[in-house]
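Peer 1: Using the hints, position chain B with the ligands against chain A.
In the order they appear, the protein sequences are chains A and B. Here the first sequence stands for residues 6 to 367, where the numbers follow the working numbering. Here the second sequence stands for residues 511 to 811, where the numbers follow the working numbering.
Treat the hints as calculated values from the structure; they're not laboratory data. Some clues are possibly wrong.
Pairwise CB distance ranges, derived in the manner of DEER restraints [claimed, not checked]:
| hint | chain 1 | residue 1 | chain 2 | residue 2 | range |
| --- | --- | --- | --- | --- | --- |
| 1 | A | A354 | B | L555 | 20 to 28 Å |
| 2 | B | N593 | A | E360 | 45 to 53 Å |
| 3 | A | K205 | B | L555 | 25 to 33 Å |
| 4 | A | M6 | B | L555 | 18 to 26 Å |
We put the beta carbon where it would ideally sit given N, CA and C, even for glycine.
Residue-level listing of the chains:
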Amino acid sequence: MNITFPHLGNTYIAAKVLFEGLGVDYTIPPLSSKKTLEIGCLYSPDDVCLPFKIMIGNYVESIQRGADTVLITGSCGPCRFGEYCELQKKILLSLDKDIKFIVIDEPAKIGIREFLNRLSMVAKDSKLSKAKKIKALSMAVKTINLIDNIEKECRFFAGFEKNKGEFARLLKTVKLEAIEAKGAEKTLKVLEEHYEKLKKIEIDNFKNPIKIGIIGEIYTIIDPLSNMYIEDILMNLGVSTRRTLYPSWWVKNTVLSGLKINFSKIYKESKEYLGLCIGGHARECIGEAILNYKHGFDGLIQIFPVGCMPEIVSKAILPDIERRYGIPILSLVVDEMTGEAGYYTRVEAFLDLIEGRKKLCI
Amino acid sequence: MIIGIPNALLNIKYRDAIQEFFQNIGVTTFVSPKTNKEILDLGVLNCVDEACLPVKVFHGHVEYLRDRCDFILVPRIMKLQKNEFICPKFCGLPEMIKYSLDIKNIIAPTIVAYDNKTLKKSLYELVKPLNIKKEKFEKAFEAFKSNLYKYRNLDYKNSDLKVLLLGHPYLIYDDFINMNIIKKLKAFGVSVYTEDNVDFYDYTYRLIKKPFWTFLRNTYNCAISLIETGKIDGIIYVSSFACGIDSFSIDLIKKDIGSFPYLVLKIDEHTGEAGIDTRLEAFVDLLKRRAKNEYNFSTLG
Ligand code: SF4
Ligand code: SF4
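Pulled out of the complex, with its shape left as it was, chain A reads as follows (with noise of 0.2 Å):
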């Protein structure tokens, strides 16, 4: 057996974590590209949404390399990603027919039982003991927290360095190393030492940078190639960005709304313009659109694919916002047409905007 799956952020650091502290083959996909995407809209559906199309590039290109079990998360929200795995299973299936899959749902849905069960499919092949399985496990949700941790702060301090460039080096070196370290706990070594080094890395705190929150569809906003790379531009120009959504707070909302615990402040500031679950992620969106605000942040980016359902019914809901609270925002829809000037230029005049504004204030 050798697992794939698809790219989500940094899940991939986390998963070779858990197949190393497991001892099972694995094979990463290769970091998604244009290629990847050229793959995934070859197979896939015209209509459906963009990050399909993405996985089934990635499954492909995963099986190219001689993965033969394919990971599938199946959320069962009111959203198409809950239906995904239906069709892709059809499309591999019909690439490969000997292809396997393990679908791994929500434990809200399924019952933590049937949740471990599955998960514990993963580890068939593993001739470790219970013990050593479990704290795989641990060592992975463990990766996952730190490596967004790292990615969280390098992108909002990257304003405020005194060197420009260092987080975004800092960022670059901990991914690729962490990559090429040998087993699970010196890949979990290297990310600590990086976030020591992150902690030394000189900041200007009378510095004045453009705030911005990436907000939207979860997937699109997590996933660079979807985003074409937004945060790392923002970056570059000196901008400070925040998203809340990562795949660790992915992993933490999933696992306490199995427990049916409503933790998020997120769902206390959306309340006013969505008091439920539509599906997706637009209750997030909204919320964290407000949480932004209070926050200081300067202006908002909200990017989700082309026929996105929930992110459609909150892109109708934000311009409310943006009066309401004068908060700037900038809605982005992409898919495997949108065309990069027209894109970078839209951004590029959207900060001149808030540029403006700042100015006018102080």
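Peer 2: Only chain B with the ligands this time, still in chain A's reference frame:
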């Protein structure tokens, strides 16, 4: 007090039942007219660009009703089957309307209706502020229930060519958006079945995971049942661009039916009628040719 009922989305299907329900509890209603150019334009103008055509049309109907009644009914339909959903846009419809049209006087009951009890509860919540007597409500509710299936009597004359017309009810029943497709097919001498006037069975066991969209499940089951029982000669699927659910149903069905004649028509506000006509005609020709060829092989093995 006059309550306006936008003649769009699922309201189209249940219009008569809704209207009679309100009549029975003594509330006057006003239903917007069938979709027309003016309503469509109002919708396109006021709705989020990225939305699908039916949602835009709904916006148009609400805008049309805006100054013509005191309140407008914008139901938030969450569930029509246990453990299933309909569409995120239905769940967020009141919000979309409220903020895109900047309109305050909407009534947005949350409808969770997967059995008698839940349906009753949803409707009761809706009329509670009106202080209706219990008996009156009971009576109106019973009438509502028996009216729910009225729309089923779409007449279809029996001809040799039978086509299953798939698609969301608000596309099938709205002659303006679907450009009179039923009439056109009849003119070609084709008899038309729709999801609502046939019985079908559950074929979802063929899928690895139970679908959680009611629309998807119905469409899939209906298509597979009718093919399996040899009732139809072809399928026409009317869908709107940017419909997330159809993007799956269309392909799930396609992957299951092999070379069975299958025409997918996607529409939005820019779709030209001429193009649709040509494709319909070509498809009917194909069906006629196949019928002549006596090889009536089963495509499903
Ligand atoms: S939230 Fe949007 S992008 Fe995600 S599955 Fe749903 S429609 Fe697709
Ligand atoms: S089901 Fe499709 S057509 Fe209907 S409202 Fe949802 S996205 Fe639009």
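Peer 1: Does each hint hold? Answer for all of them.
Peer 2: Now the hints, each set against the structure:
{"no.": "1", "hint": "A354(A) <-> L555(B): 20 to 28 Å", "verdict": "holds (24 Å)"}
{"no.": "2", "hint": "N593(B) <-> E360(A): 45 to 53 Å", "verdict": "holds (50 Å)"}
{"no.": "3", "hint": "K205(A) <-> L555(B): 25 to 33 Å", "verdict": "violated (56 Å)"}
{"no.": "4", "hint": "M6(A) <-> L555(B): 18 to 26 Å", "verdict": "violated (55 Å)"}
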